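If you're matching them up, the sequences are chains A and B in order. Note that my numbering gives residue 94 to position 94 of the first sequence, counting from 1, and the numbers run on in steps of one. Note that my numbering gives residue 80 to position 80 of the second sequence, counting from 1, and the numbers run on in steps of one.
Hints were generated in silico from the structure; no laboratory data involved. Remember, it's a predicted structure, so these values are computed and weren't measured experimentally. Be aware that one or more of the hints could be misleading.
With a straight-line cut-off of 27 Å between C-alpha atoms, the simulated DSSO-like cross-links for lysine-lysine are [said to hold, decoys possible]: (1) 57/B with 3/A; (2) 17/B with 65/B; (3) 17/B with 69/B; (4) 101/B with 69/A; (5) 101/B with 69/B; (6) 105/A with 3/A; (7) 101/B with 71/B; (8) 18/B with 57/B; (9) 3/A with 101/B; (10) 105/A with 57/B; (11) 71/B with 18/B; (12) 65/B with 18/B; (13) 57/B with 17/B; (14) 101/B with 105/A; (15) 69/A with 105/A.
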Amino acid sequence: DAKTTQPNSMESNEEEPVHLPCNHSTISGTDYIHWYRQLPSQGPEYVIHGLTSNVNNRMASLAIAEDRKSSTLILHRATLRDAAVYYCILRDIGWEGNTPLVFGKGTRLSVIA
Amino acid sequence: EAQVTQNPRYLITVTGKKLTVTCSQNMNHEYMSWYRQDPGLGLRQIYYSMNVEVTDKGDVPEGYKVSRKEKRNFPLILESPSPNQTSLYFCASSSGQGAQKTQYFGPGTRLLVL
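Only chain A is shown next, with the shape it has when bound in the complex:
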């Protein structure tokens, strides 16, 4: 899987929007961009994924740059429950074999009440 770069930590006020950036300058044309998060003392949890177009679901939005070299996870209104480590992961859709998730260091998001 290609490498991703994320800030180590970010802070947000409760009920404010949060934009979590991810750089993936070596992304290939067959890489999907996935986001997972890990809340304290819990297992990782899927958030969202996309290929080229922006994506929305009940948890978040994913904005993908036109050249696909970067993306941004958007939490529209951060709550205390959103405090977690967020991981941006690239996964090659051309491979249908074993595809373990490769977690980097991620971004630790703190939410202030």
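Start from chain A and add chain B according to the hints.
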């Protein structure tokens, strides 16, 4: 509720005493996997299973065994645990292989080997 369950959640044991960590999913998923999480090393895959009776090694299989006799269960066996297996373990499942498949994780099992 769709979920992956693991037991026990916390375990303290001594070197050499065989143990099993159970993992069960209720989503009828074919693919299951075990990871360990260590500070500074992220999550690393131990073993995976593509379906019943089909298992294979991940990146760090030494010291571990698995079995997949039923679709819903994928136990992790440590025949002779050692202190370097002290870690946080996660079981995961998905509806198939491939990069588009969302993986669902259990709550984790924190293991301390003395």
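Verification of the hints:
1. For the given pair, residue 57/B sits about 23 Å from residue 3/A by alpha-carbon distance, which is consistent with the 27 Å threshold.
2. Straight-line distance between C-alpha atoms of residue 17/B and residue 65/B comes to about 14 Å, which keeps the hinted pair within the 27 Å bound.
3. Taking the CA atoms of residue 17/B and residue 69/B, the gap is about 23 Å. The hint holds against a cut of 27 Å.
4. A hinted pair counts as satisfied when its Cα atoms are at most 27 Å apart, and residue 101/B with residue 69/A qualifies at roughly 22 Å.
5. Taking the CA atoms of residue 101/B and residue 69/B, the gap is about 23 Å. The hint holds against a cut of 27 Å.
6. Proposed proximity of residue 105/A and residue 3/A is supported: the alpha carbons are some 11 Å apart, at most 27 Å.
7. Only pairs whose Cα atoms come within 27 Å are accepted, and residue 101/B paired with residue 71/B is accepted, the gap being roughly 17 Å.
8. Only pairs whose Cα atoms come within 27 Å are accepted, and residue 18/B paired with residue 57/B is accepted, the gap being roughly 20 Å.
9. Straight-line distance between C-alpha atoms of residue 3/A and residue 101/B comes to about 20 Å, which keeps the hinted pair within the 27 Å bound.
10. Taking the CA atoms of residue 105/A and residue 57/B, the gap is about 24 Å. The hint holds against a cut of 27 Å.
11. Distance restraint check for residue 71/B and residue 18/B: the Cα-Cα separation of roughly 24 Å lies within the 27 Å cut-off, and the hinted pair is therefore satisfied.
12. For the hint linking residue 65/B to residue 18/B, the alpha-carbon distance of about 11 Å falls within 27 Å, and the restraint holds.
13. Distance restraint check for residue 57/B and residue 17/B: the Cα-Cα separation of roughly 23 Å lies within the 27 Å cut-off, and the hinted pair is therefore satisfied.
14. Taken as a hint, the residue 101/B and residue 105/A pair is honoured in the structure, with Cα atoms around 22 Å apart against an allowance of 27 Å.
15. Distance restraint check for residue 69/A and residue 105/A: the Cα-Cα separation of roughly 19 Å lies within the 27 Å cut-off, and the hinted pair is therefore satisfied.
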